[in-house]
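Protein chains in written order, with this note's numbering: chain Y, 1199 to 1444; chain B, 22 to 242; chain V, 22 to 242; chain D, 19 to 149; chain C, 326 to 536; chain X, 326 to 536.
Heads up, some of the hints might be wrong.
[What the hints assert, rightly or not] Covered stretches of chain V, as calculated for chain Y (at least 3 residues, CB under 8 Å):
1) 66 to 77
2) 184 to 193
[Claimed, not checked] Facing chain C, a subset of chain X residues (Cβ under 7 Å, in silico):
3) A423
4) F455
5) T483
6) E515
[To be verified] Computed far set for chain V versus chain X, every beta-carbon distance over 10 Å:
7) L104
8) L106
9) A121
10) G144
11) V223
Source of the hints: derived by calculation from the structure; they are not laboratory data.
Cβ coordinates follow ideal geometry from the N, Cα and C atoms, glycine included.
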Amino acid sequence: MLKIVLQPDAFSRLGAKASPWLAGITAVLLTAGVFLALFVSPPDFRQSESVRIMYVHVPAAWMSLFCYTFMAAAGGAALVWRAPLAHMAAEATAPVGAAFTLLALATGSLWGKPMWGAWWVWDARLTSELILLFLYLGFIALNTAFDDPTRGARAAATLAVVGIVMVPIIKYSVDWWSTLHQPASVLRMSGPTIAAEMLVPLLIMAVGYTTFFLYVLLIRMATLLNNARIRALRQRQVRTGWEAAR
Amino acid sequence: MRGLAAIVRRDLRLALRQGMDSVMVVAFFVLATMLFPFGVGPDANLLARIGAGVGWVAALLASLLALERLFQADYEDGSLELLALSPLPLEGIVLAKVGAHWLTTGLPLIVASPLIALLMNVGAEGCGALVLTLLIGTTTLSLIGAVGAALTLGARRGGVLLSLLVLPLYIPTLIFGVGTVAAVIDGFPAWANVMMLAAIAVGALALCPWAAAAALRQALE
Amino acid sequence: MRGLAAIVRRDLRLALRQGMDSVMVVAFFVLATMLFPFGVGPDANLLARIGAGVGWVAALLASLLALERLFQADYEDGSLELLALSPLPLEGIVLAKVGAHWLTTGLPLIVASPLIALLMNVGAEGCGALVLTLLIGTTTLSLIGAVGAALTLGARRGGVLLSLLVLPLYIPTLIFGVGTVAAVIDGFPAWANVMMLAAIAVGALALCPWAAAAALRQALE
Amino acid sequence: LNALESGIVFFHSPSEVTEKAFPPDRRIRIGGLVEQGSVNRSGGSTVAFKITDMAHAVPVRYTGLLPDLFAEGQGVVAEGFLKGGVFMADEVLAKHDENYMPPEASAALKESGFWQHMKDQQANKASGKAK
Amino acid sequence: MDTFSGSGLACLRGGRVVFAGLDFALRAGEAMLLVGPNGSGKSTLLRLMAGLLRPMEGELRWNGQPIGDDPDGHRGRLAYLGHHDPVKPVLSAAENLAFWAALDGRPRASVEGALERFGIAHLAEVPGRFLSAGQKRRVNLARLLLSGASLWLLDEPTTALDQQAAAAFREATAAHCEAGGMAVLATHVELGLPAVRRLALDAFAPTEAMP
Amino acid sequence: MDTFSGSGLACLRGGRVVFAGLDFALRAGEAMLLVGPNGSGKSTLLRLMAGLLRPMEGELRWNGQPIGDDPDGHRGRLAYLGHHDPVKPVLSAAENLAFWAALDGRPRASVEGALERFGIAHLAEVPGRFLSAGQKRRVNLARLLLSGASLWLLDEPTTALDQQAAAAFREATAAHCEAGGMAVLATHVELGLPAVRRLALDAFAPTEAMP
Ligand code: HEM
Ligand SMILES: Nc1ncnc2c1ncn2[C@@H]1O[C@H](COP(=O)(O)OP(=O)(O)OP(=O)(O)O)[C@@H](O)[C@H]1O
Ligand SMILES: Nc1ncnc2c1ncn2[C@@H]1O[C@H](COP(=O)(O)OP(=O)(O)OP(=O)(O)O)[C@@H](O)[C@H]1O
Ligand SMILES: [Mg+2]
Ligand SMILES: [Mg+2]
């Protein structure tokens, strides 16, 4: 009992303290990253200027995978320990992850036209990323599909855990099967194949995306916590009403 | 009229509060379409050729799935009895419910169809034709589907045959819908097809609410 | 074992008396496939090429539609609680129900598939391959679908939600199923694909009853 | 496992295409590098070139617009069918590799001969993977 | 003064005759209890009176006029309460009630007043999914007050109600009848309504069950 | 002699603690009534006893042994009757019963005898869809007799029953207990069972409802 009552409040306090900092760091990093990406970093030797889509696309794609992993881990923890906060973390992550996925798909598609000569092809990387989007949507849908919120949360968490198989498939699809999408440039065994002038802004953007995610996560979890409190008050209202009527 | 407007408002509000309805229909639409590149191989030319057909089939299935439970919730919680006992004509009630349902599921389908056209490599005119035909066609599908949904509520009373009759009724809409898109892509005049689609829609508008209302009365007996 | 046999017998009897299911599934299957000759034109070569894929996609969607209510009726009338409280393991019960369901919907699909092959101009070997792959593949589809059906039990929008969850998981089966048929038609050795299909089926057989049982327990809490 | 028939692969390598007998009317994709010095724009918008994985090369004919990044020594994926040993493509996509660098750096690399070395490595990898 | 009557009513359900030769008559201000063992046809008779079922034989009349002549008018003057409580989980209690009031197109009485009568005014803004079985039933009963109907057809209305709510229901029904309304109630328990007629349904069960 | 007991039970539903610190003990031959207002957790406790729910805190024991150690054995000795009547519309009453008997794999008692006990032997061949609410409930009660279970968990068993059927139920429960069985019953009405314990659930409601 004590644990359940105390943890959320402690969390709220932590969130209230940390979120302004996170907001600030995110703003600085993203501004710097965008500036470097647009004005400082050099054009590519083959793609010339269109390479700048990379600074949006690649971190978004990374985040789409990271958020899913985080969500599945939180969901798994919630199932095992029946911890409401873990449920909230998973629930709060889902829309953010879906947004990153959508962004990766959209910017990738935009980039594909000049680079490949096609907006969209059905190769393993692109398709599996699209499936990831549907997993996110499935999570959100399942989570809200029940009148009883705990039932929805647990069903959705189960789905998240099952869906984790998609993450390695997406990551290694470019190595396992021949795809039109390029193999990894940064996260590879033999070191990055990106020139440092381009890698630095890319990494700054990536860190900026991550702090942005953490910031949104905190805000959304605070909202969900408040919703849960309102719900509890409602239930109490129903109950006391009953007792008054009795 | 005021009563019917109240039904539309309520159903829209329910859809809104329950969320996700529209999103899920669109998701199914996209997913069902996605199956075809896997099924027939990711061959851009071939996909472009079957794109309109696939888009239409997917739309049909999505609308079928969404319609299946059109009256179900109201049937199960007793609302349908009260609706049938209200002074409004049951045909009007059916129309109001179908209308609200089309707004929350049919319309998003149409909005999403250009995306399908993109995924399936269908060109710009083809895409326009797809949107137009879906606009006319999904209303027909909703109306026919409402009859099916009403029949399956009372299916215990031997509605097997009748519900089998509903499925084939979808076919003409499909043929003319796909035909229109194909004609546009191939550069043929497509007005005859569009007119046929519209004619079917008008026919459905005249007949279906009546048939669905009859089926509902039977289900409530 | 005797208890599980009783479940299979009951579910078969229910399906038989209610009629509906098998007929609907086959009707849907044939109808969805028939659409393509209309959609892409009666070009025999083209039809033959997309035949296997279209047949597979139609089978997949048909099985999806049928699965939606796998546990629904038992859930709504309280039978599921009693099943879960019987001394039999819930995993076994899931398996028995999926088995009965496969017999009433999967098997008719397979029986009907040569008809599809005929409609779509797929040759004799292709037809054989279609039947074989469907035989292996539909069991997988049923098993995966059972997990989805259990997860969405009691959800407000069962059908659409189910397809959103399950369709992505169906894709590997589809790819290898269609791959086999295509390989056979082109005269390549297809064993690798069949083995993959079988491997997926075995994996599903091992995991899905367990996952579905867990989801059912959640649904009954 | 032989992924050839399975539809997961987006394209086949020239080696596969020469070693296996694809039915003549089957549409396939071939991916590899555009062989150095093989591009021949024989008037109009028709181009002929060869796609190679360093072990085998397949001659390709294509009529239409080429993507901006199409160039000799670059990755490419062509879609079409084989006709008498020549691959008749009706769509050509550029395949980008994982290297990103500013133009000056690439010029420097080219001079030192390192560039060609990297290309070979990559092509070997591509053909090895398909086997 | 309004009258509602039926004569020679017979009803077939699932190939069996549930009751036959049933007569009843009800005047404004009267309430009638339907009693009888399980399966004797109480619910069936109520649905018949509402027009959801058609009788195999016999006729229902309102002021001597067959109701088949004016089904819309009949629907307009009745309120039916069945086994279910049609309370949408995502609408608040007040929204649920307001919808039913708007549907009937009758002058809209005060939703709050109706909720108040059944002791759930404080739940007006609470979504239906938070309500317990008894609270849902109260919302459903409040609907009767709003409907302004003159004929109430109630199938086991006190299911899931506690003592206090049952008393509120008794009062509401008595007030309805005093104001010239009619009520027909199917029930297994004593409701304690003053001045009611009783119709024992087993008396009309045909000896030969098959038609 | 068998015993069934629980200690320190607490249960969370929909994020709210329904009851906490609940203890009970039951011996062979005893019946226990669960009483309390709507929403006090009667149904919840029954589902907990059946193993459909897991307690947040506390433990259930059978002869001193935690039931978590042998859940299959526990399921094998109980019979649960919930709010629904699992009567398939297309199967006859007898077929419905025979299925449940076969499922438990217990020696099959006479289906006709069980139907007879609840006065519905004449409905044995009638499909479920033709049964009225009370008739379905009787079929469901007959299932208990067939199950041969030693622990009956019954949630408002007399809903929809008429006087005669309620009496039959009383007799059956008394006979079950006399033969050394146990029964736990959630109810709003007086059942008139002899020699029962009572567990008033509102005593265990935590004062602070918020988690
Ligand atoms: C709609 C189309 C596209 C999608 C769905 C997509 C998806 C992804 C995904 C999921 C990743 C993360 C992989 C990982 O973490 O290893 C990624 C990384 C990447 N993508 Fe894309 N992409 C698309 C188009 C493109 C295009 C056109 C290019 C440019 C040639 C491109 C360049 C990259 C690069 C450079 C990376 C970083 C690789 C690394 O080092 O991890 N992508 N993409
Ligand atoms: N939908 C139906 N189809 C066929 N027969 C039905 C149907 N509903 C009820 N019956 C039959 O009609 C008879 C009357 O049922 P009804 O529900 O009216 O009884 P009741 O008096 O309300 O009983 P209870 O006290 O159990 O509610 C029953 O014998 C039942 O078997
Ligand atoms: N599935 C559920 N999810 C969330 N909360 C629930 C669920 N079922 C019941 N509750 C809540 O748990 C509490 C106890 O419910 P329960 O059904 O056990 O009460 P009860 O004593 O059986 O009431 P009744 O007399 O109405 O049957 C109620 O406040 C209810 O709102
Ligand atoms: Mg009744
Ligand atoms: Mg209860």
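Status of each hint after checking the structure:
{"no.": "1", "hint": "66 to 77", "in the structure": "violated (count 0)"}
{"no.": "2", "hint": "184 to 193", "in the structure": "holds (count 5)"}
{"no.": "3", "hint": "A423", "in the structure": "violated (21 Å)"}
{"no.": "4", "hint": "F455", "in the structure": "holds (4 Å)"}
{"no.": "5", "hint": "T483", "in the structure": "violated (9 Å)"}
{"no.": "6", "hint": "E515", "in the structure": "violated (12 Å)"}
{"no.": "7", "hint": "L104", "in the structure": "violated (7 Å)"}
{"no.": "8", "hint": "L106", "in the structure": "violated (5 Å)"}
{"no.": "9", "hint": "A121", "in the structure": "holds (13 Å)"}
{"no.": "10", "hint": "G144", "in the structure": "holds (42 Å)"}
{"no.": "11", "hint": "V223", "in the structure": "holds (27 Å)"}
When the structure is compared with the earlier hints, violations turn up for hints 1, 3, 5, 6, 7 and 8 and for no others.
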